[in-house]
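Student: What follows is the residue order along each chain.
Protein chains: 2
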Amino acid sequence: MIRIPLERWMIEKLAEALNVNIEEAERLARRRNVVRLMKWRNVTYFSLRKDVYGLREGTLIAVWPDGYRVVPGYPSIQRVLLPSVALPKHFIDKIVVEEKLNGYNVRVVKLRDEIVAVTRGGLICPYTTQRIRKLYGDKLTSLFREEGEELVVAGEVIGLENPYVRFYYPEAGGFAYFIFDIVHGEKFLPPHERKEIVEKHGLLHVPVLGEIDKNDIKAFRKIIEDLERRGREGVVLKDPEYRVPPLKYTTSFINIHDIEIGMRFPFDEGRNYLFSRILREIFKAVEEGWDDRRLLLAEQNLGKAILEPAIEAVKEVKNGKMLYEEFMLPFDTRDDFEEFLDYMASLGVDIIVAGVEQRSDGSIVARIRKVKDTWREVQKILETGLSPID
Amino acid sequence: MIRIPLERWMIEKLAEALNVNIEEAERLARRRNVVRLMKWRNVTYFSLRKDVYGLREGTLIAVWPDGYRVVPGYPSIQRVLLPSVALPKHFIDKIVVEEKLNGYNVRVVKLRDEIVAVTRGGLICPYTTQRIRKLYGDKLTSLFREEGEELVVAGEVIGLENPYVRFYYPEAGGFAYFIFDIVHGEKFLPPHERKEIVEKHGLLHVPVLGEIDKNDIKAFRKIIEDLERRGREGVVLKDPEYRVPPLKYTTSFINIHDIEIGMRFPFDEGRNYLFSRILREIFKAVEEGWDDRRLLLAEQNLGKAILEPAIEAVKEVKNGKMLYEEFMLPFDTRDDFEEFLDYMASLGVDIIVAGVEQRSDGSIVARIRKVKDTWREVQKILETGLSPID
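Residue numbers (my numbering), protein chains in the order written: chain A, 1 to 390; chain B, 1 to 390.
Among these hints, one or two may not hold up.
Taking lysine-lysine pairs in the BS3-like style, the calculated list, with each CA pair at most 30 Å apart, reads [claimed, not checked]:
1. A:Lys318 x B:Lys222
2. B:Lys50 x B:Lys187
3. A:Lys380 x B:Lys89
4. A:Lys315 x B:Lys218
Source of the hints: derived by calculation from the structure; they are not laboratory data.
Looking at chain A on its own, in the form it has when it is part of the complex (with noise of 0.2 Å):
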């Protein structure tokens, strides 16, 4: 892991953001896993890992010798099991459901001349920054410009070429950015005003489904039938006013198919993935008084998503394959896959560049492969037949 020199001047300014003394502040940006420092070419920030001092976790706080600028973690949304309780209960009169799309969330920020990508953590990203400014830098920046250059952007990168989250969308080519929110200070923007500062800069907007009744539970559920139909990840549902905060609610399409997809790793993600989105079903079967037929459905699917990845990934590994998750991300300079390679060290993600093919016109797009720890733990398995928990 690479590790950026912590100055006074950093310190101090942490001290400010967080509104602490110097020496609480040097306490914490020393633990890193709580404050984490880090460095994106001329941009010095602190990640915060943990909720701390009332900034939310995946708050990233920019620093220069002259100033600071805090942005605020994006808030978790709450789950919704029984949509018929939550719904006439969370909500004060309207709902609008925005579809909830399957990438990863990314706050676009101006920290001074610079537009930047932040993930969820907190850290800015050198990949997605460079894709988003290649696709979207004009109408960002006009964007900041008109509407104010505080704002902060939050959107879901969707598409195949991304490391991190990757789920065909016909919509998404290879790379897309659909923004679903547009934040002032710690107010978002309600949802309607939003969309017309999103088209008016030509940006992309996350699909607005419908605008519903609290109470109207049908017209609820015809959405997230045609959502199941159609292979869709879920939807967000809103205030029209941002009066209450928002909530989720998922297909059961994605549920099974994020524990397909995480089962291919058991030791990765399959195991964080089980019991949550089993739980799901189970509420979900009891919100729609699932009969038999559709029961044994849910059944088959459910054991066939578990058993056939693992089982697949144990006899690969048997046969001397290594477990990887592999993925292509374009580049439009050597530099640049340099840097996120850089980028990918410094959070110690273990990463193999399987290929690269250059271009005629310079660009570059990078073969790589992140290891899996289900590898080596089905390796040791497979060598002992012991089992590593009871």
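With chain A's structure known, arrange chain B on it following the hints.
Tutor: Frame of chain A, contents of chain B only:
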């Protein structure tokens, strides 16, 4: 929770047993999540909840003003996932295959004049002590007198009349104690010698299913297939001379059964049971080379075991029912019953007495309920419609 006053002499004896100074012993004795001070009738003891100074978790240290006795914790047994790999690697030549019974592990020891039953956690269970004394007291007394007062007898309590693990065995009646180890200090008696001693004193011995060559996987599989058919838990594999530690292996029957029973309380056992049992099934599929038909059957069974009991439980809570585990326990006297309730309270277990039936001989049968966290969690979800986890 009931607390026993910690006296100077107790600390002194603990210090001797752990071979540390008084200050360190006192420090440990005050950390109740590490060393728990307990009292059962005239026996005052410490039970270790973690490995401490080379003593295993579950170790019991009985103390008297003039001495102490250390009863080592029962070691955990490594689990086999791939018999065809683990058996030839781990063992030296022969393997004694003993049946693994599905109950709870109890060490019986004589502490000065008292025969007591010690649970895996290193606690004297008043209920188990009472039942074992009544059923096997004379036989155990003769065993300790003739074979050595310092021995530790280890075995499985099975049957339906206990508050821990209830699983029906035709041979158990309501309560039975099957011995699987006799330990002298840290030395485990060889299986043959142990079996002889157990039978000589008219006590019950776990079924010995055979003695096989370590390379005879075919013979091993035949034993497992027979257990599968009979709906039994599995086996513990031991070296005839205890030169290497035992290993354990369970049937597919019990893997799925555990999930099914556990998912009735998804937030209690369910969550803990899921990943480990699924892992066992994954490697069983690879080891046994399941064909499509066998795989499909496993998938259906797994999906059903996960969803059905949980959906049923949620529906029951929705209909106003409480979720608890109910068990019927016979006690010789009302004092014995009170002692058991005090013990449960001292462990912080939430118990409801649903009924007490008086028998003509003065004994009683108590109907007892353990309230499950799942009940509260599901109630909350039904009220809010929201998920407690993401």
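Student: Now look at each hint and say whether the structure bears it out.
Tutor: For each hint, the structure was consulted:
no., hint, in the structure
1, A:Lys318 x B:Lys222, "holds, 25 Å"
2, B:Lys50 x B:Lys187, "holds, 21 Å"
3, A:Lys380 x B:Lys89, "holds, 13 Å"
4, A:Lys315 x B:Lys218, "holds, 22 Å"
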